[in-house]
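Novice: For the record, in the sequence shown the residue sitting at position 23 is 23 according to the numbering used here, with numbers rising by one throughout.
Because the hints were derived from the structure by calculation, they are not lab data. Among the clues, some could well be false.
Unchecked claim - Have a look at the derived ranges for each label pair, beta carbon to beta carbon:
hint, residue 1, residue 2, range
1, Pro-16, Gly-55, 43 to 53 angstroms
2, Ser-63, Ser-9, 17 to 27 angstroms
3, Lys-46, Asp-20, 24 to 34 angstroms
4, Tyr-38, Ile-10, 47 to 57 angstroms
5, Ser-63, His-42, 12 to 22 angstroms
To be verified - Cut-off 20 angstroms, straight-line C-alpha distance, at most; resulting in silico cross-link-like pairs (SDA-like, lysine to any residue):
hint, residue 1, residue 2
6, Lys-46, Ala-28
7, Lys-46, Ile-32
8, Lys-46, Arg-57
It should be emphasised that the depicted structure is a prediction, and the values quoted were computed from it without experimental measurement. Positions of the beta carbon are idealized from the N, C-alpha and C atoms, including for glycine.
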Amino acid sequence: MAVDNAVRSIRKPKLPEGRDRRLTGDEAARLIDACMAYTSGHDLPKALLLAIETGLRAGNIASLMCK
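Please model the entire structure based on the sequences and the hints provided.
Specialist: So, in structure tokens, the structure goes:
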């Protein structure tokens with residue numbers, strides 16, 4: 001008697017499509033202006049500019065700033 005392999009009927013789930021969002025026009029300047037308007041220090045606008053220019057994520061930037 002042949003036994004079917006149940007694992008063969010299992011299918012991997014499809015991965016979601018990735019996002020590819022880029023800033024357009026003057027969005028970067030508006031973001032930095034908004035940061036400067038709502039923060040007393042200058043670290044947040046600098047961190048935002050670093051993120052825009054390098055593509056670093058928030059956790060990576062925070063670890064750099066804590067050293």
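Novice: Does 24 to 34 angstroms hold as the CB distance between Lys-46 and Asp-20, or does it fail?
Specialist: For Asp-20 against Lys-46, whose Cβ atoms are near 25 angstroms apart, the range 24 to 34 angstroms holds.
Novice: Need the status of pair Lys-46, Arg-57: alpha-carbon distance at most 20 angstroms?
Specialist: 14 angstroms, holds
Novice: Mind checking the alpha carbons of Lys-46 and Ile-32 for me, to see if they're no more than 20 angstroms apart?
Specialist: With Cα atoms ~8 angstroms apart, Lys-46 and Ile-32 stay inside 20 angstroms; holds.
Novice: Regarding Ser-63 and Ser-9, is the given constraint of 17 to 27 angstroms on their beta-carbon distance met?
Specialist: 44 angstroms, violated
Novice: Does the beta carbon distance between Pro-16 and Gly-55 stay inside 43 to 53 angstroms, or does it fall outside?
Specialist: Hint violated: Cβ distance 20 angstroms, outside 43 to 53 angstroms.
Novice: Does the hinted range 12 to 22 angstroms hold for Ser-63 and His-42 at CB?
Specialist: The hinted range 12 to 22 angstroms holds for Ser-63 and His-42, with Cβ atoms some 19 angstroms apart.
Novice: Within 47 to 57 angstroms or not, the Cβ separation of Tyr-38 and Ile-10?
Specialist: Holds: the Cβ-Cβ distance is about 50 angstroms, inside 47 to 57 angstroms.
Novice: Going straight from one Cα to the other, do Lys-46 and Ala-28 come out at no more than 20 angstroms?
Specialist: Holds: Lys-46 and Ala-28 sit about 12 angstroms apart, inside 20 angstroms.
In the structure shown, a violation is registered for the earlier hints numbered 1, 2, in ascending order.
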